[in-house]
Every structure is written in structure tokens, then in C-alpha cells.
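There are 2 protein chains.
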Amino acid sequence: MKADLNTLLKPKAVAIIGASRNPDKVGNVILKNYIDGGYGGRLYPVNPNADSVLGLKAYRSVLDVPETVDVAVIAVPAQIVPGVLEECGQAKVRSLVVVSGGFAEVGETELQDRIVKIARKYGMPMIGPNCLGVMDTRSRTDTLFLPTYKITRPQVGFVSFISQSGAVGSTVLDVIAGEGFGLSKFISYGNAADLDEVDLLQYLMDDEETKVIVMYIEGIKRGKEFVELARKITRKKPVIVLKAGRTSAGSSAAHSHTAALAGDYAVQEAMFRQFGFTVANDLSELIYFSKIFASETEPRGNRIAVVTNGGGAGVLTADAIASSKRLRMAELSAKTSRALRGRMPKLVNIRMPLDLAGDADEKRYGDAITAISGDPNTDMLVIIVLYQTPGADSTVSAAIVHLKEVVDKPIVVMSTGVGYTQAQKVQLESGGVPVYDSPAALVSSLEALLEHAEYLETHK
Amino acid sequence: MKADLNTLLKPKAVAIIGASRNPDKVGNVILKNYIDGGYGGRLYPVNPNADSVLGLKAYRSVLDVPETVDVAVIAVPAQIVPGVLEECGQAKVRSLVVVSGGFAEVGETELQDRIVKIARKYGMPMIGPNCLGVMDTRSRTDTLFLPTYKITRPQVGFVSFISQSGAVGSTVLDVIAGEGFGLSKFISYGNAADLDEVDLLQYLMDDEETKVIVMYIEGIKRGKEFVELARKITRKKPVIVLKAGRTSAGSSAAHSHTAALAGDYAVQEAMFRQFGFTVANDLSELIYFSKIFASETEPRGNRIAVVTNGGGAGVLTADAIASSKRLRMAELSAKTSRALRGRMPKLVNIRMPLDLAGDADEKRYGDAITAISGDPNTDMLVIIVLYQTPGADSTVSAAIVHLKEVVDKPIVVMSTGVGYTQAQKVQLESGGVPVYDSPAALVSSLEALLEHAEYLETHK
Numbered sequence: 001m002k003a004d005l006n007t008l009l010k011p012k013a014v015a016i017i018g019a020s021r022n023p024d025k026v027g028n029v030i031l032k033n034y035i036d037g038g039y040g041g042r043l044y045p046v047n048p049n050a051d052s053v054l055g056l057k058a059y060r061s062v063l064d065v066p067e068t069v070d071v072a073v074i075a076v077p078a079q080i081v082p083g084v085l086e087e088c089g090q091a092k093v094r095s096l097v098v099v100s101g102g103f104a105e106v107g108e109t110e111l112q113d114r115i116v117k118i119a120r121k122y123g124m125p126m127i128g129p130n131c132l133g134v135m136d137t138r139s140r141t142d143t144l145f146l147p148t149y150k151i152t153r154p155q156v157g158f159v160s161f162i163s164q165s166g167a168v169g170s171t172v173l174d175v176i177a178g179e180g181f182g183l184s185k186f187i188s189y190g191n192a193a194d195l196d197e198v199d200l201l202q203y204l205m206d207d208e209e210t211k212v213i214v215m216y217i218e219g220i221k222r223g224k225e226f227v228e229l230a231r232k233i234t235r236k237k238p239v240i241v242l243k244a245g246r247t248s249a250g251s252s253a254a255h256s257h258t259a260a261l262a263g264d265y266a267v268q269e270a271m272f273r274q275f276g277f278t279v280a281n282d283l284s285e286l287i288y289f290s291k292i293f294a295s296e297t298e299p300r301g302n303r304i305a306v307v308t309n310g311g312g313a314g315v316l317t318a319d320a321i322a323s324s325k326r327l328r329m330a331e332l333s334a335k336t337s338r339a340l341r342g343r344m345p346k347l348v349n350i351r352m353p354l355d356l357a358g359d360a361d362e363k364r365y366g367d368a369i370t371a372i373s374g375d376p377n378t379d380m381l382v383i384i385v386l387y388q389t390p391g392a393d394s395t396v397s398a399a400i401v402h403l404k405e406v407v408d409k410p411i412v413v414m415s416t417g418v419g420y421t422q423a424q425k426v427q428l429e430s431g432g433v434p435v436y437d438s439p440a441a442l443v444s445s446l447e448a449l450l451e452h453a454e455y456l457e458t459h460k
Numbered sequence: 001m002k003a004d005l006n007t008l009l010k011p012k013a014v015a016i017i018g019a020s021r022n023p024d025k026v027g028n029v030i031l032k033n034y035i036d037g038g039y040g041g042r043l044y045p046v047n048p049n050a051d052s053v054l055g056l057k058a059y060r061s062v063l064d065v066p067e068t069v070d071v072a073v074i075a076v077p078a079q080i081v082p083g084v085l086e087e088c089g090q091a092k093v094r095s096l097v098v099v100s101g102g103f104a105e106v107g108e109t110e111l112q113d114r115i116v117k118i119a120r121k122y123g124m125p126m127i128g129p130n131c132l133g134v135m136d137t138r139s140r141t142d143t144l145f146l147p148t149y150k151i152t153r154p155q156v157g158f159v160s161f162i163s164q165s166g167a168v169g170s171t172v173l174d175v176i177a178g179e180g181f182g183l184s185k186f187i188s189y190g191n192a193a194d195l196d197e198v199d200l201l202q203y204l205m206d207d208e209e210t211k212v213i214v215m216y217i218e219g220i221k222r223g224k225e226f227v228e229l230a231r232k233i234t235r236k237k238p239v240i241v242l243k244a245g246r247t248s249a250g251s252s253a254a255h256s257h258t259a260a261l262a263g264d265y266a267v268q269e270a271m272f273r274q275f276g277f278t279v280a281n282d283l284s285e286l287i288y289f290s291k292i293f294a295s296e297t298e299p300r301g302n303r304i305a306v307v308t309n310g311g312g313a314g315v316l317t318a319d320a321i322a323s324s325k326r327l328r329m330a331e332l333s334a335k336t337s338r339a340l341r342g343r344m345p346k347l348v349n350i351r352m353p354l355d356l357a358g359d360a361d362e363k364r365y366g367d368a369i370t371a372i373s374g375d376p377n378t379d380m381l382v383i384i385v386l387y388q389t390p391g392a393d394s395t396v397s398a399a400i401v402h403l404k405e406v407v408d409k410p411i412v413v414m415s416t417g418v419g420y421t422q423a424q425k426v427q428l429e430s431g432g433v434p435v436y437d438s439p440a441a442l443v444s445s446l447e448a449l450l451e452h453a454e455y456l457e458t459h460k
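Protein chains in written order, with our numbering: chain A, 1 to 460; chain B, 1 to 460.
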């Protein structure tokens, strides 16, 4: 079964079952977020004990809602979920998001089996239970029961993120909101009682609004289908995976968390890589890798030119490149060296990494990038801008954004700092230039990019 | 020679030679920063072509300054530095900071040798040339020619940082300003023509305002003295070292940067560790490690209890702990398990990592931390707070800060996110609780802490 998740992600009519007048309750937060988020469809709070919730007419039961509902979001105690789902089925609800917890993750597998049976009896694809549900930045559907002041909602983009864990998911969403790349869909699918990673990946593989898939998983339910799908999907778009429960300590914890079986990670990691997945080993790598793939950087090769306004940062980056598996420092051609010598001040040594010195301004950066990007011995440019130095300011950022459009090679920036530097990072990333805050983060991301390119090359 | 750097770092009278009226000039920025930074001593701009600079009377030569100067900060072109130093010597200037570049780093070794000779002839200890100079947060001396809008100045603290590279130094300073730990001294010593890392470390070893030493180096000039000092210093206080030029690509770049010889890093790293240094492999680790040592966390052992309000983050942290060399997950005693069972809601599984669930509030966190910190099977507590969840807010932060004071075991927090989470991080860190934003960063920092404790244990 290939689940069509369009109804679920682009609903025209949403019922929120358990919509409460109490602002501390999940059902209240979900409804409020739909309203505040500017959702353009129709909202139906369902609450047997209220006439209205947050200014909207409330219904005693989903059966009373005057139209066919695309998604029912269920936020009621576990024990009454089966009854609610029966009503949804009778009301011909098209799909379900069950955020309620209290199922397999606490040993209530029978109760979970019951709700799966009901959902399937009526042909309602179900996300959950024990999850945050779904967010689609374009349709502005948002079932997350998380107040917006605590979690910034990401801008519209092309990265879709599926997460078995709601909390990890919400944390990653919050971090993504602070990065320059946007989000397409977020799906927290919790216990995966009905729809699981295979269904979700299948949908995202063909989704035109998704260019990069990111997944946080604790276990895989359908190994065979997953493997078959994996081979197809990574040829179409990059898939970044962070697998929790890699060690026996972690994996027994994962079992108690979402009742997932973690399996032998060494085997799984080898399998992931064999199928062209990009493997993240930490939350931070998940973000770094998402950023480089979201930028749609196309590596031409592994020869990296480094331009810097701080000698030490150039050295650290050269170290990281030389220590990496796939990257190496570019060597400037004689022609490029001559061109640079003609344009750079005497104090600048013409060599890699090219240290433009602390007074480098947009002109010097521009001259260097222009000359080096034309060098046939260079495949990608790493531009280090330490904005703490006297010469670097927003004119340098603007020059880089401009050059990124006109030169024919990928440009990635390394820039570390708070305050002023953060503002420059926003300027660069709005212009489509990915920015990393340490040589290690940048180099591991370029590695991931090259590994993916190699995979595609050998699996045409 | 053991250089007494007190005069240099706590000057009562400072001459700025090359103080310019032009706000784009280094000598202007330095003077302005002294004034804006609230330096309490006397300032003497030296400029032969101006009567006053930034509202202060200017002097044609340091010989005209009406008192004996503790530090002369030199920001004039390289060629005229020797003449200026001669005048300083005749004026009995007590110490020198030469920020000017154009010496050994560009092959002008003879010029550099000349200024060293002059400085030594007159007994003036010299920092530089080709450096940013010094900052002392207590005396408010600040020779950095970096505008304050671009680099936030760190708060007063006990971490001292010496950096061969000015740009790396300024970047790290900026990042430190965004962290909860403060700075004592910052010394960018550039070409180390006179005072080098051995002199600086010797001073910092006995400096009561320094509890943690952090160093960024590209090469070591006096190997024998360095080794002798290293053995002593790491028994007195932790020393974190980031060495650039670890690979041949990086090391040849380092040579061109500050004319340092990088040496064989494998040997050097082994040596660093043998002497009890904490080795950072990236800018990010330098900050992470500084934070854990600055918190003066004293590890009692390697058994780590993990408490979380997000199951997945607990699993990722359990993975990182299990994958580490020194740490392992604590196992709760039967007594603690019983106590927790009595206080936790039914949905909470009593096991490690302890998942308090997404609705955990300050009471649940407090009960868990109190029970676990009394467990003889636990040495340290890692508290994960995902502030995106409904239950966690500043009352949880306040509870953790409070408990940190009353319980007898170290507490470290893992918390990831932007906006709201960043505000909570500030609250926690002002209360002395170190906060990390990824399981990997936290675990590598605890590893560093334990490695240092092991060193001290075996080198009593």
C-alpha cells in the first residue's frame, strides 16, 4: 500500500478532537497553533462540554461536523481513543493524527492494535499514536502541541523531516528555524502503529516540495520494504539518517521509548551507506548535513580552495581537509597564481590556503574568488570570513552572495562568532550560501556531499 | 627568565603610539576601545601630526609623555618600529605590545631581530609583533584593534586564553562572550619574537585570576622549556590546547602564517596528553572543553545518570555515553528506583536514561534529581531539558540552578534550540550550570574532564 498523504498534509477541513478551553491542554494548543499559523482551511473543534473554543463553534462529536473532514487530530486520553476513532470512521473522516500517548510505548499493545484495526477498517491512514503529528509549511497544517513562543516555526523550504521521536523532532525543528534553509514537511509518527517510515519515505520520494529527506529513527519496522525503497529513493534525492539506539545502552532505552527494536547498528550503518543514505552520528551532524544538501551544492570534485582573512582559521581548515577521507586542498595553477599576484597586496602570500589578511575587504575577496573559481584545478571554494577583523563587513557578505550566482563553482562559507557574525550568517544564507561555524562541521558536511555524489556516480 | 606580565596586563599608564584621528586606522580603534571599555588608568596618544586624538591630548613622541609609561602599544608601519622602540627605551617604557605586522611572517626576519634586540637592550618585555595584543577583563586593558560592534567583549571570569593567531583569538573571544563562562586574560602574541608561550604559560600558572588556560598554537619555539613547564602547570590547573598545522597541508600553511614550525603532530599530541594537556581537535571543542573546566565540575567517577524530558534525546545521549572511552551509564540502586517509583507518574519507566516525559515540570525534575543525586551508584548527572516541550520552562531552569547548589554531585545540562532555549541557557549558565547543545559535545567534554582527573590521580 502506498499511502497518499496529500489529504493528511494539505487538508481543507480539520477536526480537532479534544479541543479544550484550557490553555494548558494539548487540544487547546493545537487549535491555537492552527489559528495563529494562518491555516486557510476550515477548523472544527470537537468537545462535548463546550459550545465554543477559542472563538470557534465547538461540536459534541465529529459526527456532528457539517462536512467531511480531511484530518481528525485526536488529543484525548488513550482509553477513549477507540471510541473516537469509531465515530471518525462513521463520519467518513479521511485521515487521522493520533497525538495521544499511552499505547505500545507503555506496554498497552492491545489497545494500540485495537485502534489500528479501526483505522484500517474504515480506510483512514493514521499517524501515531504517541506523536506530535504533522506540519506542512505551505498548507500551514500544524498539529504540534508546542507553543510557538517555545519553538520557532521554520520558514518554507524543501527539506522534509520525519522523526520517530516527538521531542527530538521539535528540537530539530526549532534549530532549523534558526538556520537559513527552510522546511517542507515535518512528520512525527511516534509508535508508527499504522503509517511507518516506509509509507512516509514512499510519499516523500515523489513529493515535489521535498528535495532533501531527513529522518530520525529508533528502529525500522518493515526491513524488506525499507531496503527495497531505500535503493530507489537515494537515487532521486538525498536521505540523511540519524539512528538512535546504536549501542546496547541506547538501544534498550529506545525500546522503552517508542517500543522500537534497535537492531545491530554496525550492520544497519553499513546497510544505510550501501543504499546511499547519508549517516549522521549526532543531532549536530543532522543539521550540518541538512544544510549542505538543502543548498543544492553540486560538487564537481574534491579539490577545495580555501580563502581566508584569518591565517589560523585557514590552517585549521587545511588540517581538517587533509585529515578527511575524500577532500584535498586545491593547488593553484600557475595562471591563477599570476593573476592573484597581480591583484593582491604584497603581504599576501599566493598559496593555499590563501590568507587575504585581516584588512581584506569585499574587493580583495571578490578578486580572489573570481580568480580562483576560474582555476581548472579547483572544484569548490571554502571562503572563511572572520567578521571580527577590521575589513570584513556586510559588503563582503553581499559580494559573496553575488559571486555565488555568477561563478560556476560551489561556494561554502566558514564563519564563527555571535552578534555581528550571526547577522552576517543570515545575510549569506538568505542568499543561498551555506555557512558553517567550525572547520570540522564544514569539512564533515562536504564529505557527506562527496560521499553522496560518489554513490550516485557508481549507481547510475 | 620568568617574565612578570603584571605591568603589561595591569598598566596604570598606557601610551598608544600611532593613535590616529582616522577611525579606520588601527591606532584609532585601540584608543577608542580603551576609552569605551572604561579603562581606569591614564592614556597617552602619541601622534606627531595631531594635537589631540579622540578628545585626549596627543604627544609628538613617547619621550614627551609626562610620566613613565607601563605599556606602549605600537601601531605604526613595520619600518619605523625600530625607531619607535628606541624612543620607548629612552623613555623608560616598562613593556611593549607591538601590533604592527610586516616582520618574520612576511620574511622580514632581520627587521624582527632588530626590534627584539632593542626591546631586550632596554629590558622591555614585548608581546608581538603581528598580533592583537592583550585584554584583561579586570584591569580593562584592551589593545585589540577590533571594533566592539563586531566582537562582543566577554564578561569577567577565570579562563585565560593565549593565541598565536590574532584572528582565531578574536573569533574565540567573540564566541566566549556568547557563553556563560567569563574571561580573565586574552593574549594574542603573534610572532612571539620576545615573549612566547613558555613565558605566558609561566605567568598564567601562578596567576590567581586564572583557573583554566586555553591555548591556540601553531608551533612551539622552546621545546625543552615548554616540556619542563608543562609537567608543572597541568598539576596546578587544566590546560586546553588546540594545535593548528596538524597535517602537512596545514603545517606548511602555518609556517607562512606566523613563521612557526609545526612539527610532527602525532608526536606532539602524544606529548601533550602525556603532560596532562587537554587536546582539542577543533574550534568547537576548544569552546566545549573551556566551558566544562570553567564550571569547576569535579568528577567523582564515570557513572553518568541521564534524566530527560524527551525519550529520543535520552537514547542519543545513552548512545554517546556508551560509545565513549571513559563514561558509562549509571545503574540505579534498588532504593533509588523505589523512591522514584513512588514519586513519578505511572507512565514514567524507572530506568536509565530516566524519561520524565514531555509534560515534566520543575517538580518532576526536582524529584528525579534529588533521588538520583543521592544514589551511591551515580557520579554525575546529565539533565536533558528540551524546552520545546509543554512542561519545561524557566521554573525548570531555576530548579536545576537551585539543586546544583544543594546536591553533592555535578550537574550538566543538554539543551538544543534557538529563541526560548537560548534564554534558558543564559539562565542556567549564569547559575553556574554548563549547558551543551548536542549529546556529542556534552559527552566529549565529560570525557576531557575525566581524562584530566585520571591524569591528576596518576601523577600525584
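To be clear, the hints were calculated from the coordinates, so they are not data collected in a lab. It is possible that some hints are incorrect.
All copies of an identical chain are treated as equivalent in the list; a pair is satisfied when it fits inside any one copy or across any two copies.
[Stated by the list, open to error] List time: in silico DSSO-like cross-link candidates among lysine-lysine, alpha-carbon distance up to 30 Å:
1) 346 x 221
2) 237 x 346
3) 25 x 363
4) 237 x 363
5) 12 x 335
6) 211 x 92
Hints and how they fare:
no. : hint      : verdict
1   : 346 x 221 : between (63 Å within a copy, 27 Å between copies)
2   : 237 x 346 : neither (46 Å within a copy, 43 Å between copies)
3   : 25 x 363  : between (56 Å within a copy, 18 Å between copies)
4   : 237 x 363 : neither (37 Å within a copy, 45 Å between copies)
5   : 12 x 335  : neither (61 Å within a copy, 54 Å between copies)
6   : 211 x 92  : neither (33 Å within a copy, 68 Å between copies)
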